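Undergrad: Chain by chain, the residues:
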Amino acid sequence: STQSTWDRLIGLLSYPAIMLLSPSERSWITEGVSENVRGDGRSRLDYRYFSIKTGVVAHANGSARVKLDNTDIITSVNLEISEPDTDTPDQGKIVCAVECTPTSCVNLDQQGVMNLNAQLTMELEKLLSESRCINLNDLIIIPGKQCWSLSIDALVLESSGNVLDAICISTMAALTTSTVPTIEVVKGENENQYEIVVSDDPFDAKPLAANNVPVCVSLFKIGSYFVVDATDEEEEVTTARVSIAVNRAGEISGIYKNGIGGISPVALNEMVLAARKIGLDLIAKIDDSLRPKLSDTD
Amino acid sequence: MTTSAPQYVTTGDIITPESGFLMGHGTTVADNKLIATVSGFVERVNKLISVRPLNVRYGGEVGDVVVGRVIELADKKWRLEVGSRQFAVLMLSSVHLPGGEQRRRTYEDALQMRSMFAEGDLISAEVFKVLPEGAISLHTRNLKYGKLDNGQLVTVPSALIKRCKQHFHTLSCEIDVIIGTNGFIWITPTPESQSEEQAKDKPQRQEDGDEKPKVVRHFNALVRERLSRVRNSILALAQMYIAIHSVTIMDVYMQSISLGLRAKDILNPDILQTVTQSALSRKGEQS
Numbered sequence: 003s004t005q006s007t008w009d010r011l012i013g014l015l016s017y018p019a020i021m022l023l024s025p026s027e028r029s030w031i032t033e034g035v036s037e038n039v040r041g042d043g044r045s046r047l048d049y050r051y052f053s054i055k056t057g058v059v060a061h062a063n064g065s066a067r068v069k070l071d072n073t074d075i076i077t078s079v080n081l082e083i084s085e086p087d088t089d090t091p092d093q094g095k096i097v098c099a100v101e102c103t104p105t106s107c108v109n110l111d112q113q114g115v116m117n118l119n120a121q122l123t124m125e126l127e128k129l130l131s132e133s134r135c136i137n138l139n140d141l142i143i144i145p146g147k148q149c150w151s152l153s154i155d156a157l158v159l160e161s162s163g164n165v166l167d168a169i170c171i172s173t174m175a176a177l178t179t180s181t182v183p184t185i186e187v188v189k190g191e192n193e194n195q196y197e198i199v200v201s202d203d204p205f206d207a208k209p210l211a212a213n214n215v216p217v218c219v220s221l222f223k224i225g226s227y228f229v230v231d232a233t234d235e236e237e238e239v240t241t242a243r244v245s246i247a248v249n250r251a252g253e254i255s256g257i258y259k260n261g262i263g264g265i266s267p268v269a270l271n272e273m274v275l276a277a278r279k280i281g282l283d284l285i286a287k288i289d290d291s292l293r294p295k296l297s298d299t300d
Numbered sequence: 239m240t241t242s243a244p245q246y247v248t249t250g251d252i253i254t255p256e257s258g259f260l261m262g263h264g265t266t267v268a269d270n271k272l273i274a275t276v277s278g279f280v281e282r283v284n285k286l287i288s289v290r291p292l293n294v295r296y297g298g299e300v301g302d303v304v305v306g307r308v309i310e311l312a313d314k315k316w317r318l319e320v321g322s323r324q325f326a327v328l329m330l331s332s333v334h335l336p337g338g339e340q341r342r343r344t345y346e347d348a349l350q351m352r353s354m355f356a357e358g359d360l361i362s363a364e365v366f367k368v369l370p371e372g373a374i375s376l377h378t379r380n381l382k383y384g385k386l387d388n389g390q391l392v393t394v395p396s397a398l399i400k401r402c403k404q405h406f407h408t409l410s411c412e413i414d415v416i417i418g419t420n421g422f423i424w425i426t427p428t429p430e431s432q433s434e435e436q437a438k439d440k441p442q443r444q445e446d447g448d449e450k451p452k453v454v455r456h457f458n459a460l461v462r463e464r465l466s467r468v469r470n471s472i473l474a475l476a477q478m479y480i481a482i483h484s485v486t487i488m489d490v491y492m493q494s495i496s497l498g499l500r501a502k503d504i505l506n507p508d509i510l511q512t513v514t515q516s517a518l519s520r521k522g523e524q525s
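Residue numbers (this note's numbering), protein chains in the order written: chain E, 3 to 300; chain A, 239 to 525.
It is possible that part of the hints are untrue.
As the list claims (entries may be wrong) - List time: in silico EDC-like cross-link candidates among lysine to aspartate or glutamate, alpha-carbon distance up to 20 Å: (1) K315/A to D347/A; (2) K367/A to E299/A; (3) K147/E to D92/E; (4) K502/A to D48/E; (5) K502/A to D71/E; (6) K315/A to E357/A; (7) K55/E to E160/E; (8) K403/A to D414/A; (9) K69/E to D283/E; (10) K55/E to D71/E; (11) K502/A to E463/A; (12) K259/E to E238/E; (13) K287/E to D503/A; (14) K502/A to E37/E; (15) K69/E to D503/A; (16) K400/A to E364/A; (17) K95/E to E82/E; (18) K69/E to D508/A; (19) K147/E to D89/E; (20) K147/E to E85/E; (21) K502/A to D283/E; (22) K287/E to D74/E; (23) K55/E to D508/A; (24) K367/A to D313/A; (25) K208/E to E82/E; (26) K287/E to D508/A; (27) K502/A to E33/E; (28) K385/A to D347/A; (29) K315/A to E371/A.
Since the hints were made in silico from the structure, they are not lab data. No experiment lies behind these values; they were computed from the predicted model shown.
Next comes chain A alone, as it looks inside the complex:
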């Protein structure tokens, strides 16, 4: 593994004049030299050289946590927009059914799909397979995945999201974020108490099979102000092209408070540089 600074190439640049390397994505051979076909960073794994561009559509790998929006319902599956080259697929057999975990999907289930997830709904899910054509197949078989309520969505370039162990974060300002690897980030207030947490975890597990009526929650101006501050912090990081994770989000959040800014002023172009200062310096420390 190389420890030198990453090499950045533009389309047409010669990556290396030496021979004996394998062509990866984003490269081609001309005149016995390896040339970049896209602009991006060079990645070397033993003899395989590839170029990884910055602004690509989200690719999707097994194990990724994504946030997606249901676009259409098809035969025993949902199609979701995840910012990838194709819609992601969520099979009926891959979701958590109300009224029990393991059972065969019946004809009635297929007819009731819209009552589970309808067009426009946002859900969190995990990638469990990449289909041969390149589309990703999702599952929500864990209780922590499912429909997203009470909050707002923000979209950032997927290149800014690093894969890590935990994608569900509770920030110290009592706001939860679900950082989808595809760049879709769901922001919601942290559920108040443990009992409410448990109630949220079991909305679809009723003995009689009926869905429990959802508890309608209302949020006051203070909670909304904090949530919009988190939202603007994330967008500020995206504008400055800084990696987005719970630490950098809180950096911008705390700095905006110490600068005495209201949430709405964070994205003001005059202020953007100052408010992302500590997040930027942390980036320097890590590399």
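For reference, chain E alone in the conformation it holds in the complex:
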């Protein structure tokens, strides 16, 4: 993209909607954070209630819809047969794309929406690829010739803050409930001839090997404190955001910092520890929410 490096560094800190707030509303939010009673009564490290529904996109290999207050995300996972890249003949491919609908970012113009989509896509790709949650070697069909290409498409329908975390929750739910169709490679007479046979039975599929998808815990610095799961008003008052990817084993698989504010090393350490605890809680909540669905596929 033609976006300059400087633009990307500054980033869209409070995305998706840059809203107008009066100085007194800003100080109400900032003081509330320091008193540990936020606008909606939560403490700094409280997450809002969220719900997950899987299987919402009929033709996808896996899908999930997450509603975190008014933040509404649909993620769809699709598998296609494709050719592997020439420099990685033994690996399949993963492609991420995030799109924000115009109603989710009413204050942004067309260029702003494109920038936002690019930024969220980049962050999601980074989180997934760094965590190695899907072994690309598992996605190969015929080395050097045919492989699975996994497309992860996330659609932001509406936003009330903390969009990246919600995208990651829905991506995790979609990937862990995704299935790969069973295929059989039939070799022809020549070495170069082959046929890929897909089973007629639409339920003849095995689960995608994606057990270690991380969740993202974004922490937002407001004043001298940080909060988790910010609303869009709180994002407007945020000076810096640190997004930390936590996996099932409690390991930090990625850290991403955005914003023009600075964070002291002591604070950063506290944020990572807090994110780890919150991330493990989140994973447990997601597992609880998905459990009845997972047992259905057995």
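The hints should help you fit chain A onto chain E, whose structure is shown.
TA: For chain A alone, kept in the frame of chain E given last:
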């Protein structure tokens, strides 16, 4: 006036097969029958029949108290977002000037507009005129209107706000609410003492014309907890589509306390029905 249950129609429904009625908003005549063009409740005034939909943009009538956010400054006027189809207009001649009530607005006043209300500020005002194009014109010529400080805003559908005599309420939990008819509700802690109340009322009335430096107030966790409980009670009413006024807000507030809920749990979908129970039953009593 009809005392039967209000008639609800959907787009295309026949409101009445009888003839001789006047077409109001939301109706049309087809085949000599009166048909609804929107979904909503039928309102009859003598021979005029109209359909009032539920989810309309705020319309604005003279005398309404609204809460609005300044979006831009134009030539001797401010434009405010009030959730209507157009921005509301607040003329420089309609505001309370510092340094005296009645005087002609000078060139200097026009240049100093931003020092009064800047972009992003929230103000309370009253509708004094509806302009021909449909925009509303506001005034803040009463001392109780003006810039809003120390609190937070919550937005609900304007259909849930009924017009009543009093829009400035002090709730029994020591929280003040300004219930704007446009669905913007400002929640702030009740000022502590009478003297502080008076100080708040006269921030711009100084003899020398300078604005008195605002008293910076700090609020502890207890006050904030009460305020966020009020905020969540209002949003709970909005989610259950119950009319919002001081009585129903306190219904949900008191019920959340008696259920032992923390403020943040009120909007939990599992709890929403139980916590709005008494407010719902009051709705039944009134109709």
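Undergrad: Hint by hint, note whether the structure agrees.
TA: Verification of the supplied hints:
| no. | hint | verdict |
| --- | --- | --- |
| 1 | K315/A to D347/A | 11 Å, holds |
| 2 | K367/A to E299/A | 8 Å, holds |
| 3 | K147/E to D92/E | 9 Å, holds |
| 4 | K502/A to D48/E | 9 Å, holds |
| 5 | K502/A to D71/E | 12 Å, holds |
| 6 | K315/A to E357/A | 12 Å, holds |
| 7 | K55/E to E160/E | 16 Å, holds |
| 8 | K403/A to D414/A | 16 Å, holds |
| 9 | K69/E to D283/E | 17 Å, holds |
| 10 | K55/E to D71/E | 14 Å, holds |
| 11 | K502/A to E463/A | 9 Å, holds |
| 12 | K259/E to E238/E | 16 Å, holds |
| 13 | K287/E to D503/A | 17 Å, holds |
| 14 | K502/A to E37/E | 15 Å, holds |
| 15 | K69/E to D503/A | 16 Å, holds |
| 16 | K400/A to E364/A | 15 Å, holds |
| 17 | K95/E to E82/E | 10 Å, holds |
| 18 | K69/E to D508/A | 15 Å, holds |
| 19 | K147/E to D89/E | 12 Å, holds |
| 20 | K147/E to E85/E | 6 Å, holds |
| 21 | K502/A to D283/E | 18 Å, holds |
| 22 | K287/E to D74/E | 18 Å, holds |
| 23 | K55/E to D508/A | 16 Å, holds |
| 24 | K367/A to D313/A | 19 Å, holds |
| 25 | K208/E to E82/E | 15 Å, holds |
| 26 | K287/E to D508/A | 16 Å, holds |
| 27 | K502/A to E33/E | 18 Å, holds |
| 28 | K385/A to D347/A | 17 Å, holds |
| 29 | K315/A to E371/A | 17 Å, holds |
Hint compliance for this structure: no hint is broken.
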